[in-house]
Amino acid sequence: MEGAFSYAPAIAAFPLVAFVVALVFGKWMPKKGAIAGIAATGASLVFSLWMLAAVASGETYHETLYEWTAGEAASEIGADTIGFSFGILIDPLAALMLVIVSLVAFLVHVFSLGYMNAEGETGLPRYYAGLGLFTFSMLSFVYADNLLMAFMFFELVGLCSFLLIGFWFRTRSAPSAAKKAFLVTRFGDYFFLLGVVAIAATFGTLQFAGDESFVAAAEAAIDDGGQLFGFDAETWVTITGLLVLGGVIGKSAQFPLHTWLPDAMEGPTTVSALIHAATMVAAGVYLVARMFGYYALSPTTLAIIAFIGGFTALFAATMGVVKDDVKQVLAYSTISQYGYMMLGLGVGGYVAGVFHLMNHAFFKALLFLGAGAVIVLMHHEQNMWKMGGLKDKAPVTYYTFLAGALALAGIIPFSGFWSKDEILYDALIVGLEEPLIMAAYAMGLLAVFFTGFYTFRMVFLTFHGEPRSEAAEDPHPVGWSIKLPLIVLGILAVVAGIANLAPVAKLANVDITFLEHWLDGEYGGIDEVTYSAYSELLAYETGVISSEQVTVLIAAGLSLLLAFSGAGLAWKLYSDPEPTAHKERLGSAGTVVEDNYYQDEYQVWLAEGVTLPLARVADRFDQTVIDGTVNGVSTASLFGSSWVKRIQTGIVTNYAALLIAGFIALLLGLGVYGGWF
Amino acid sequence: MIGVEYYVLLSMAVFCIGLVGVLTRRNALTFLMSVELMLNAANINLIAFAFYHGNLTGQVFALFTMALAAAEVAVGLGIILVLYRNFRDVDVTVPTTMRW
Amino acid sequence: MAIYELPEWTALGPALILAVTALALFAFDSISPRSTNRQLLAGTAVAGSLTSLGVAVWFTVAGVGTPTADGGNGVIDPTHGFVVDQLALYFMIIVAVVTALIVVASYDYLVDHAYQAEYYSLVILAATGMSLMAAADSLVTILIALELASLPSYALVAILKDNRGSVEAGLKYFLIGSLSSAIFIYGISLVYGATGHLELAAIAEVVSGETEAGSGHDITEMGGLLGLGILMLIGGFAFKTASVPFHFWAPEAYEGAPAPISAFLSSASKAAGFVVLFRVFTEAFPLGEIGAVIGFDWTVAFIVLAIVTMTLGNFAAATQDSVKRMLAYSSIGHAGYALIGLAGLTADGGELVMGAAMMHLLVYGFMNTGAFLFVALAEHWGVGRTFEDYNGLAAQAPVACAAMAVFMFSLAGIPPFGGFFSKYFLFVGALEAATASTAMLVVAAVLVINSALSLYYYSRLVKAIWIEDPPATRDRLAQPTGLYAAIIVAAVMTIVILPGFGPVVDAALDAAGAVVG
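Chains as they are written, first to last, in the numbering used here: chain G, 3 to 679; chain E, 5 to 104; chain S, 3 to 519.
Keep in mind that the hints were calculated from the coordinates and are not lab data. Please note that the accuracy of each hint is not assured.
To be verified - Coverage of chain E stretches by chain G, computed from C-beta distances (three or more under 8 Å per stretch; other residues unrestricted):
| # | segment |
| --- | --- |
| 1 | 18-27 |
| 2 | 40-54 |
Unchecked claim - Cβ-Cβ distance ranges computed for the label pairs, FRET-style:
| # | chain 1 | residue 1 | chain 2 | residue 2 | range |
| --- | --- | --- | --- | --- | --- |
| 3 | G | Thr-637 | E | Leu-13 | 48 to 56 Å |
| 4 | G | Asp-621 | S | Glu-470 | 47 to 55 Å |
| 5 | E | Tyr-88 | S | Val-498 | 42 to 50 Å |
| 6 | G | Gln-229 | S | Thr-437 | 48 to 56 Å |
| 7 | S | His-115 | E | Tyr-88 | 16 to 24 Å |
| 8 | E | Tyr-88 | S | Thr-437 | 36 to 44 Å |
| 9 | E | Ala-17 | S | Ser-37 | 46 to 54 Å |
| 10 | S | Val-498 | G | Thr-637 | 35 to 43 Å |
Bear in mind the structure is a predicted one, so any value in this text is a computation, not a measurement. C-beta atoms are modelled at their ideal positions from N, C-alpha and C, and glycine is treated no differently.
Excised from the complex, chain G in its bound form (with noise of 0.2 Å):
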């Protein structure tokens, strides 16, 4: 396995290079684009896969590949030189999600042959293009082995998505939405990007492993107990670890940014598979568990990821309750199962954290693909009210829809389950002893229920009952290239959570907590990034219920119970052949909620009361005194320039004796100045 590594770098140039070939010649070749995608994920795929199998035999890889610049400079910490550079780290962290990633990548590009290729679209070379490129992105940004590099494909996959989600760029909302990803994220990637500079500044390397890596300079200094720029050294830590998360919050849609999210569902429905399972939103939860020894060293910076987690959990789900649009309900599904990932990792659960990534990036790319399959059955219609019935039309899509549904919920065996009843078993154990976490917990388990709700609803209005439009009762047939990728996804949303199944291991005392195993490197990893390292730098005190298995049991049970008791209220509620809705037994409330709280409501005023009002004053100030000393410096030149041209009269005796002036002028300022007279 010693030469698998130096093809590396290929996992993400095959993308790059499929991006070039569907930019370039898309418009030639037949399926405009798809095959070089499908060839060049499923490599990436494979070679990711090669990776694994490395790394599981016991190597890792970190290697510097190009040095922008290096050169001398002085940090906060002492450290004389600074260098920026490229290179890859695959650590079983970075070698699981490559897999994810590419495999998710390739599955949409399957997919998307029944779904866009079939359906006649135009534009699809840009279509493929894009895809290749936001595949590329990622895996980059996935194996990127500093900060620097991780925020400048972190960057890109913020284009790529504002690219994909505007792809229909002739309709009047997807620009929009594609803009407002675009802005509410950058929002977030200011504050990353002032992170990125705050954390070289200080300790002179943005290396996320290794001697040289900032986490180890952030220990040593927080050790040595001095002062960083003026600060404690571990509320600096916080600081800087606060304004790289700003880029996570914009990213993973957390609350407060959480809001381009449902409006990026004006994509094409494949972009939403890619972005919510694999892409762009995990990228946010991957870069806190990327750097997580960082973010160990700062027990507040913690306990702030862990609440907003556990509030977006349950913030999103509650709005989930109350939409029509199948597209939408899986939105804030996303919104609110990043959040548990947030909170897992926030309570220190980093196990838990990347396994929820994980099954999430698989039921969630079922879902979305589902939905896209019943979209392509609807003839494009996406209100769940005008569908109904698609169980015995479609049985491919709707069990494996069902198996996603399942394990999005949370219910016992499928994977969801497994890895949520990790996140909150971690977050219960915390919170015994801290209350803040308590809170959290508690949003997150209350989610549960409303994730259990409002998944079932949308299961039981899209399948189950009578058809109730056209549409509904003659869908449109789905090929190969579709269901293929849904029973995939299908079977890895059953059995994904064998991973690692913690309860099970605790309560039985057997040793299948693979996951857990992997990502402490036993297999093969590298010392400072590992989870029993994490786990030392942890502050957090963990209590439990009598004794562990008991409160293991706690755990589940509650969830579960929550979990059922949500889906058992959508049955009871929307089983029925004609559901019927029953939102105005929420009152008032049901309008807030429908509203999405208001969100996008105080963030527009706030964009048009607080900062275009100043933007209109900077602007003034532009035009009127920035503006005015341009133009005045500009005509003050041309005006000189005009009287300075004057000088040449045309007649060579003035030239004459203008030369002999200028000559004295000279000799008498150099005489002068030489001290001749």
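With chain G held as given, fit chains E and S onto it using these hints.
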């Protein structure tokens, strides 16, 4: 023996006369003559200093200068000739088609 | 290398080849004065200048001028009054390149001209003078070489005998030139009076007090005389390089002369003026010692001249209507940039800033020649002289116009063209010199301001060519081979000099180090 400073004063006087001629005369030929005067001022210097320093370099250089002056006049007369042909005048202040 | 086995006088080969070529053309003209055999005449001239270029490059590669300690052949003194070192060869290359370019371009420009042989022989004769200027190291040879370059130039500017502009330009050039050379010669007489010598090395020995002046007097007693003489020398060189206040001839001479001659004068002649300036001031009047004699270091004079020249040239160029006149003023501005090379010298250093000035002159030799040749092309087409007349040329002649855009942006100093690097090095060199003299900070600031201003008028021309709509009445434009070839070669060199900048930098810094160190 006359001190070298008197030669320098003489040459400077000749130089200045030439200069004034350049600045005030509008006839191209007079302009040329004035320049010749300035060159000869240099020659006076060169020869006086050659005598003063006791080497011949200056004297030889003065010969070169005279040859150069002759060549210059040759070219200059040619130009003045075409000047007259084009402008019907040898007044140097007349050609002012290009300025500013 | 075999070069050591050649007699020493062959070290002047590049200049001698030009002289022989000029004489051959002259002989041809005497035998057959009415001949219009353009191929033969232009071909001879091109062959001569290219041979000269080849020999100069060969000598450089063979290590002439490189100190023997570094494996070179050392400085060669071919004959009394001349020296062939790296500096000389560097500038011989510039002169030969520019000569070759403008001779090729002239082939088309002179299509209906009556005095073909005269024209070419005068050009080559002037080039001989410029080439000799690069190697002259005595005030006698300097004066003769300078006049050898000047006198044919006067005639060349006025060679369009029925064109009032050309004649007027020739007259003004000649009158100001003769006045300047009178001042220059008077300056030489004063320097001779103060030191008793005309050879640069001997002057330096007297100035530094190593030997006594010819008459046995103390040099410091003659400080005033020497100072005045030095200022007058500066005047003579300022004329040759078109620097303020001796620049008055330049706008008219460049505007009125045939465009290839404008290119020749503003590139090669200027470069030759600078090489003499560099050599005289670094060799004859060593910094530090000269201050004790005349009361100040001559760098002060060049700081003032550089600032005034840059500013005047660029400001006057900004509002010109005629493209050629704009280029003429910009040429004055560039002389100001090159003067920084002397202004930034210090007693014990300054290779960087002087090397930068020399690089700038080399790059300038391509980009400015190219720009003037484009004007020659426009004159050949007969489209007119002003910016408006150039509107929309790109639609009809995209290749030449692309080359012109390259020249303009390079002149303005925009990356990635050669002009950016030389100007950048000048700026860095000026800042480095600022540690010794704070006035250099002002110079650096003025350099930046003027570059910004120059971008305005250069891009104005690019806008006219590329963005404005062409007038409806313009005829189809011809594509004369010679002009096109010269323009394209100049453009390619302006661009490829960037990757090849390493050797240029080395050559320029070595050459500068040879005279400064």
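| query | Which of the numbered hints are not met once you compare them with the structure shown? | reply | Numbers 2, 4, 6, 8 - these are the hints that the structure violates, sorted from lowest upward.
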